[in-house]
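Undergrad: Listed here are the chains, written in short residue letters.
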Amino acid sequence: MAEYNLWHEFKKGLWQEIPPFRIALGMCPALAVTNSATNGIAMGLATFFVLLCANISVSAIRKIVPSQVRIATYVVIIALYVTVADMFLAAMFPPISKALGPYVPLIVVNCIILGRAEGFAQKHPIVPSIMDALGIGIGFTLSLALMGSIRELLGFGSILDIKLLGNWFEPWIIMILPAGAFFVFGFLVAIVNYLSSKKPAETHGH
Amino acid sequence: MDVILIFISASIVNNIVLSYFLGICPFVGVSNKTESALNMGLATTFVMTLTAAITWPVWTYVLVKFNIPFLQYVAFIIVIAALVQFVEMFIRKSSPHLYRALGIYLPLITTNCAVLGLALFMVLRDYNYIESIFFGFGTGVGFTIAILMMSGIREELEYADVPPVFQGISITLIIAGMMALAFMGFAGLIR
Chain Z
1 MAEYNLWHEF
11 KKGLWQEIPP
21 FRIALGMCPA
31 LAVTNSATNG
41 IAMGLATFFV
51 LLCANISVSA
61 IRKIVPSQVR
71 IATYVVIIAL
81 YVTVADMFLA
91 AMFPPISKAL
101 GPYVPLIVVN
111 CIILGRAEGF
121 AQKHPIVPSI
131 MDALGIGIGF
141 TLSLALMGSI
151 RELLGFGSIL
161 DIKLLGNWFE
171 PWIIMILPAG
181 AFFVFGFLVA
191 IVNYLSSKKP
201 AETHGH
Chain D
1 MDVILIFISA
11 SIVNNIVLSY
21 FLGICPFVGV
31 SNKTESALNM
41 GLATTFVMTL
51 TAAITWPVWT
61 YVLVKFNIPF
71 LQYVAFIIVI
81 AALVQFVEMF
91 IRKSSPHLYR
101 ALGIYLPLIT
111 TNCAVLGLAL
121 FMVLRDYNYI
131 ESIFFGFGTG
141 VGFTIAILMM
151 SGIREELEYA
161 DVPPVFQGIS
171 ITLIIAGMMA
181 LAFMGFAGLI
191 R
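Chains as they are written, first to last, in the working numbering: chain Z, 1 to 206; chain D, 1 to 191.
Bear in mind the hints are in silico, worked out from the structure with no lab data behind them.
Watch out, some of these pointers could steer you wrong.
Rough simulated footprint, nothing fancy, chain D against chain Z, three-plus residues with beta-carbon under 8 Å [said to hold, decoys possible]:
1. 7-13
2. 35-49
3. 158-165
Selected chain Z positions facing chain D (in silico; Cβ < 7 Å) [said to hold, decoys possible]:
4. C28
5. F93
6. I96
7. F182
8. Y194
The structure displayed is predicted, hence computed values, not measured ones.
Ideal placement from N, C-alpha and C gives every residue a C-beta, glycine not left out.
Next comes chain Z alone, as it looks inside the complex (with noise of 0.2 Å):
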């Protein structure tokens, strides 16, 4: 068996890797419900949560599922998870689950779990499957937190609903409307992508 680097499997999901401005997936929910910093954080940890279900499941059975049906396999697992976690959030958070919608019973067809189940949780044993969902799912809720606390601080001049900016600040409405997902998420990559282009280049494998 070989050796796995726990803390690289961890560390990528925060950086080299971060979704959705790394790796471009899940960019629905990313755009969709960050309309404030506590939609966004809500949103990141039930995906959080899923990844690390569909993960550990996965990654369990992966010597029995047939290769032909897989995908249809990790398909019902994840929406199983979902299910589950839509409806702790509907019992325990009605009004996080209201302002959500749709889009909660939406991470079933979120390409990062899908992804990460195909493209990691299949060929590695339960151990470093934990660790990478842990990395991307921390990673992937801090970033839906960034662009939730931009467009919130933007569009009300508040984050968490705790006001920040005084009288004097005019929100800019075009924040929490579609076209301001669109405009923050754009210039977030360019940013991600300018700071990336300034360290050294090894870290880019794949």
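Use these hints to put chain D onto chain Z, whose structure you have.
TA: Frame of chain Z, contents of chain D only:
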């Protein structure tokens, strides 16, 4: 009259890509050539109309009737995956020419979140059967309009001098933002 309003609302005013952010992956991934964008749009429209036509009876006559709505997501995703597979087999048999044109795009539609999103919105808004089919068709047309416009802009963009850090996804998203702004102008069309 209502069905026409639903069609216009789904295709233009509440465009699934530009105001609900669904189907962003193919919107960014397959929009660099007009021809492939058009094929992707047509294939998606076809699958979306069928999805609406099939998930509605599944929801009403199976899930609601037997009181198992918590199986909604699992049932819908299986219906969509099976449908895409079936459509692929059917087109391959009946029209090899169309199959060559759509071939590689068909399997991608299963993971297009706009298709599942459409089924979920349909249930959420309580449409009847006829309305659902028009909603599905309108959503597909809206997706085709958005991806076709984006591909036209990106073909022109090849000759533009975009700063290196903005190239690729970044500039595509910023253009999409401008398109979303332009589409907001239609908002007055339907209350």
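Undergrad: Against the earlier hints, flag every one the structure doesn't satisfy and list their numbers going up.
TA: Structure breaks hints 1, 2, 3, 5 and 6.
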